[in-house]
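Engineer: Residue strings, one per chain:
There are 2 protein chains.
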Amino acid sequence: MKVTERLAALRALMQQNGLNAYIVPGTDPHASEYMAPHWMEMSWITGFLGETGTAVVTMERAFLWTDSRYYLQAEFELQGSTVELMRESDIDCPTIPQWLVANMQGTVGVNPEMYSVNAYQGLRSQLEDGGLCLKSIDLIRPIWTENRPDIPMNKLLPYDEKYAGETVENKMKRVRQALQEHRADAVVIAELDEIGWLLNVRGTDVDYTPCVIAYCVLEQNRCTLFIDNRKLDESGRAWLCSKGVEILGYEDVFAYLRNMEAKGVLFDGNRVNEALFEAVNPAIKRKVNATPSPVQVMMSIKNEVEIAGEREAMKVDAVALTRFFKWLEEEALKTPQTELTLAAKLREFRAMGKNFTDESFCTIAGWNANGAIVHYHAVPEECAKIEGNGVLLLDSGGQYLDGTTDITRTVWVGDPEAIDEHVKHDFTLVLKGHIALAQARFPKGTRGNQLDILAHQYMWQEGVTYGHGTGHGVGHYMGCHEGPANIRTDNNTNPMKEGNIFSDEPGIYRAGEYGIRTENLIVTVPAQNLSARTTGETYYEFETITLCFYDTRLMDRNMMTQGEIDWLNAYHKKVYDQVSPRLNKEEAAYLAEKCKAL
Amino acid sequence: MKVTERLAALRALMQQNGLNAYIVPGTDPHASEYMAPHWMEMSWITGFLGETGTAVVTMERAFLWTDSRYYLQAEFELQGSTVELMRESDIDCPTIPQWLVANMQGTVGVNPEMYSVNAYQGLRSQLEDGGLCLKSIDLIRPIWTENRPDIPMNKLLPYDEKYAGETVENKMKRVRQALQEHRADAVVIAELDEIGWLLNVRGTDVDYTPCVIAYCVLEQNRCTLFIDNRKLDESGRAWLCSKGVEILGYEDVFAYLRNMEAKGVLFDGNRVNEALFEAVNPAIKRKVNATPSPVQVMMSIKNEVEIAGEREAMKVDAVALTRFFKWLEEEALKTPQTELTLAAKLREFRAMGKNFTDESFCTIAGWNANGAIVHYHAVPEECAKIEGNGVLLLDSGGQYLDGTTDITRTVWVGDPEAIDEHVKHDFTLVLKGHIALAQARFPKGTRGNQLDILAHQYMWQEGVTYGHGTGHGVGHYMGCHEGPANIRTDNNTNPMKEGNIFSDEPGIYRAGEYGIRTENLIVTVPAQNLSARTTGETYYEFETITLCFYDTRLMDRNMMTQGEIDWLNAYHKKVYDQVSPRLNKEEAAYLAEKCKAL
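Chains as they are written, first to last, in the working numbering: chain A, 106 to 703; chain B, 106 to 703.
Just so you know, not all the hints are guaranteed correct.
Which copy? The list can't say, so a pair holds if one copy fits it or any two copies do.
Only pairs whose alpha carbons sit at most 20 angstroms apart, straight line, appear in this in silico DMTMM-like list of lysine to aspartate or glutamate [to be verified]:
#1 K420 x E156
#2 K276 x E603
#3 K368 x E233
#4 K260 x E618
#5 K267 x D520
#6 K368 x D463
#7 K392 x D234
#8 K368 x D234
#9 K602 x E642
#10 K450 x E692
#11 K368 x E286
#12 K420 x E138
#13 K701 x E669
#14 K368 x D290
#15 K420 x D463
#16 K431 x D682
#17 K699 x E436
No wet-lab data here; the hints were simulated from the structure.
Just chain A, with the same shape it has in the complex (with noise of 0.2 angstroms):
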C-alpha cells in the first residue's frame, strides 16, 4: 500500500464518518520519548520517518507539519506522496490550529489516544473558538491492518527491591494517601514509568528506558494492571500476584474505567490520554487534574538505597569512560575511526560494566562542526571521520540495574599545541556556569527557573547563550529524562526536592565549527555546614554524582577564579580517589595524570 492508497482509505472513512480533516500526531498513548513502531502512524499516513512530525489530511490535500531539523529528510521522504511539508520553525508557518481555522470548516477528528487529556483540550478550544468541531475517532486503525507492527511483547520483569528501595506496599501507601489529599480515591496512570516505579517492575519494550507496556488503575482498595497476557511469565505473574495487583488485558482498561466507581479520580492531564479520560464512568463527577501527579512526584525524590544504587553506577560508569579515553588517547587513531565507531566502542566498554543493560539514550558523538548541532545523531552514510586536531562532543549514558547515567564531557583530540584560543574561551565559560550551578545553595521551595542563571551567566556577559534546557530530573533505572522538576530558562512551578537528580549541562555551539557542553548528574541534598548564623529556613545544595575528569588542557585558568579552581582540584581528587581503585595500574596512571590539580 502506497502513502496516496493510504490516503485514500482514510479520506473514505473520513467522508462516512463526515470529517472535514483529520490530524495523525506523532505520539503515542503513554506519552513516551522513544516510540514502538506500532504507534507512528503518523509515518505510516505520510511516509515521512523523522520523530517529530504532525500530518493533516482534508478531502483534498495533505500535509505534514515538522520542525526546521527534518525539512531536507522531510522533502525527500514526501517526493510522490502528495503530502505537503509546512515548516513549523518558519515564521509565517501557521500553527495547525491556526490554519484548519482559516481554511476549514466544520470537523476535524483526531485519535484521542494520541493527545494527552490537556493537548486535546488545548487544541478542542482553539478550534471551537475558530467554529470547528473537534471528533475522538481513531481512522487509522481499521486501514492499517496490513503490516502493521505489534506492540512490543516483551516480558514484565519484576524490579528487586534491593534496587528500588521501597516496597510496593508502601508505594501504594503513599500514592493512596496523596489521593485522599485531592480528595480522590483512584488514579489513572498512563506513563510507563510510573508504572515501573509504583509496581517495581521493568521491561524492555522501549528503546534506552526499561519499561514494559501496561496501564494502571489504583483505587483505595485494588490495584489493577492492564497488560498483554503474553508479556507475563510465571515470575512476572507471580510478582503482581504477591503485590495483590488484578491483572487485565491491556485494552480492558477502557471497559474497565467506564465501570469503575469512585468519589473522585486523579489523573495527570500533560500525561493521561484523553481516550482514558473519556472512558471514564461519567457518573464519577469528581475528576482532579493534577499536574503533576502524586506519582510522578514521588517518582523523582530518590530514597536512599536508590541514591547509593547511582553513586555505585556512576562509578562503573567511570570505569568505562576512562578506559575508553585512554583508548581514543592512546589506540583509536591507529585506525580509522568515525563518530560511530566511536559511540560503539564506549558502548562496548559501559557493557563490560556490571549491572549494565542498555544505553540510556542513543550516544551523541560530534566531531567539530557535527558538535554544534544539538540534536546530532550521526547515522552510517554521514558521520564524521575523527582526522587530525579537532573538538569531540561525546554525551552518553548508561543503564545499570542500580541507575541512569547522562555524562557529557568535551575533549580535545590531536596536537593540544594546536588548541584554539576561541575554544579555550567558550570551553571555560562553559566550565565556569556547570561549576556555579554545582555549588549552588538555595533555600526549600526554590525551583530550576530560579537556579539557571547560574550556569548562564558568565556567557550571558559577553551575549552567548545555547538554546537547550541547562538541566532535565533523571530517572532511577529508568527514563534519562523526567519530571516534573528541571533546570531552564523557562517558568516550571515544581520546585527542586531533597533526592531528585538532575543534570548540570551548560554548552555554547559555534555553527560551522564546534560545540562544546560539559555534564554531570548532580543529586538535591540538605545543605551542610550552613552559617550558625543561619536565619533557619531548610537549605539545599547539590552533591555531584558523575565521576569523570574534564580535559584540563581546555581551561583558561585566567579565566577562572580560586575558588572555581578549588572546586575543580577536589573534584578531580574525588574522582581519581572513588575510581582508580577499580582500575589497572596502567589506566590508574591515566586517570592520575588527568586528574592532576591546576
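Based on the hints, put chain B in the right spot on chain A.
Structural biologist: Then chain B, alone, in the frame of chain A:
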C-alpha cells in the same frame, strides 16, 4: 455611633437582604496602595485602624482577620467592640473562605467595588465549592452616612509633556492598537496610575503617589474620564478638552458601561474592580481579561525623556542625601535625635530640591533592632533615640516632577572602632548580592525570578535570607511600586523590558540586633560591548541611576572579589563626578572622602 451600633445596623440590612455573612475588606475601588479615609470601611465597621485586615460579620459574631504585625494593635483597638481577632499569620488559622465554608450556610455579601475581578471570582469559586452563594451588594454606604470622609477633592493637574516625553494622542494610539491585537475595542481603566499615565495628568488625592481619583474608558473613537466636577479647574478642563477627553461624573461610569456598545472590552482582572465588570453591557460578549493590561505594560517602559528625568531627579536626591549624611555625621548628635527627627530632617533636605513635590513613601528609619523589623515605621510614642554606637537603616524616596526616587542606605553611627564583625560580614554579603544584580546581563525575555538568585546567592551559601522581594518596579513621577515585572523568587511571567526601572535591594535582618538593606534603582538598557562572538540575541543590562555613596566602613574587603571592588570604585567615582558640581566646597570635600577608592 459605636462599633456595636454599626454592627447592629449592618446586621439589620443583612437580614433585609437575606445575607448570612458580610465581608468588609481593607481595600478601595482602585486597587490603591495608599487608601483615602473615605474607603476605610473595614476600620469603620471594626474600630481597627491598622492598614491590613478584613472584617467578616455574621448575624451572631464579627471577626477581624489580620497578620502578626497588627496583633497587638488589633487586640487593643477591638476591646469592647465584640469583634474577635483571627490571627491569620498563625499556621492553624483558616482563611476567610475556609472559615465561611466550615461555619456558615446560605449567602455571603460583599461590595464588588472593593474586589478585583480575579479576587472576586476566586472568592466566589471557593464559596460555591463549599455550597455557599456570593452576592454583590454594598451595605456600608447606606449605614455609614454620618461623618464619612469625602472622597478626596483635590484638583486634576495637567502633566507637562516635557516631563512625560510622549503626547496623550500617541499614548492613546498605541493603546488602541494593542486593543485591536486583543480583538477588543474598549478598555476599562480603574487604576489611578494608569489613568495618570494615559492622560498625562497627576494629582494629590493619594498619599505619596501623585494621582487623581477617577475612572477612564478608552474606546476606538472616544475617551471618557469619570471624575467629580469639583476636581476640575479651568486648566484641568482645558487640558482634557484639548485631548478630546469627554468628562462625566465619577459614578456615571457604571451607567456608561451598561450602555456602552463595543465588540470587545478589555480589562485587567487583577486591577479592575468587580463592580465595573458587572456593569458592562451584557450584550458585549467578548470580555478580555488581560493581566497585565497593555496600559500597565506600556507605562512600565519608560521613554528617553522619562529616563533623563529620572537621572536628573537622582542628582537632586543625591544632593539632599549627601547633605543629610554630612549633617548626621557632623551635627545631628549634638542635640537629641530620634528615628523620626532624622526622617523629618531628610525630608527638609529633599524639599529644598528642584521639582520636589513629596516623599515617595513614608521614610523607614530603623535604629539597631528596629532596623530588623522589615515593615517598621516609627511612631512618636515609641520611636528609638539615636544614641551611642549602632546601625541605622534608612529607606526613603522623593517625588520630583521629573522622577521618583527610592533608596536605602545602611550606615554606622558612632565610633567606627566599635563596628562588630558580624555587621561587616552581613553588610558585605548584602553588598555582594546587590552588586551582582546590578552587573547582570541577560537576553530579552528573561524574567526577574531568573535574576533574583544573583542577589541571594552569597547569603544563601551561608543559609541566610530575607523575607521581602529583591526588586520592585518603580513609576515615573508615579507609584513607587509598579508592575508588572519585578525581581522576586516568586513566579512572575512578565519579562524585564527595556526602559523598566527596578529597585535592587537585598537585605539581612537580625532580630533584636540590626537590619541591613542596600538599595539603588536600576534601569533596563541594551547591553553594551558584547563579545564579537555573541550568539546574536538582544541582551539587556542594568544602569544604576541612584547616586549615593555606601558606607565603606561597614565592608569586609576580604570577602570581596577584585571585580566587586572595581565596580564599587567606579560607582563611587560616578557619584562624585555627577553630584559634587552641585555641592558647596565643604559638602564636596565630604563626598570625596566618602567616595574614596577602596
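Engineer: Determine for every hint whether it applies to the structure shown.
Structural biologist: Verification of the hints:
no., hint, verdict
1, K420 x E156, "neither (33 angstroms within a copy, 60 angstroms between copies)"
2, K276 x E603, "within (17 angstroms within a copy, 50 angstroms between copies)"
3, K368 x E233, "between (31 angstroms within a copy, 19 angstroms between copies)"
4, K260 x E618, "neither (45 angstroms within a copy, 66 angstroms between copies)"
5, K267 x D520, "neither (47 angstroms within a copy, 64 angstroms between copies)"
6, K368 x D463, "neither (42 angstroms within a copy, 60 angstroms between copies)"
7, K392 x D234, "between (24 angstroms within a copy, 14 angstroms between copies)"
8, K368 x D234, "between (33 angstroms within a copy, 16 angstroms between copies)"
9, K602 x E642, "within (14 angstroms within a copy, 33 angstroms between copies)"
10, K450 x E692, "within (17 angstroms within a copy, 74 angstroms between copies)"
11, K368 x E286, "within (13 angstroms within a copy, 44 angstroms between copies)"
12, K420 x E138, "neither (27 angstroms within a copy, 58 angstroms between copies)"
13, K701 x E669, "within (15 angstroms within a copy, 31 angstroms between copies)"
14, K368 x D290, "within (6 angstroms within a copy, 45 angstroms between copies)"
15, K420 x D463, "within (16 angstroms within a copy, 66 angstroms between copies)"
16, K431 x D682, "within (18 angstroms within a copy, 59 angstroms between copies)"
17, K699 x E436, "within (17 angstroms within a copy, 65 angstroms between copies)"
Checked against the numbered hints listed earlier, the structure breaks hints 1, 4, 5, 6, 12; every other hint is satisfied.
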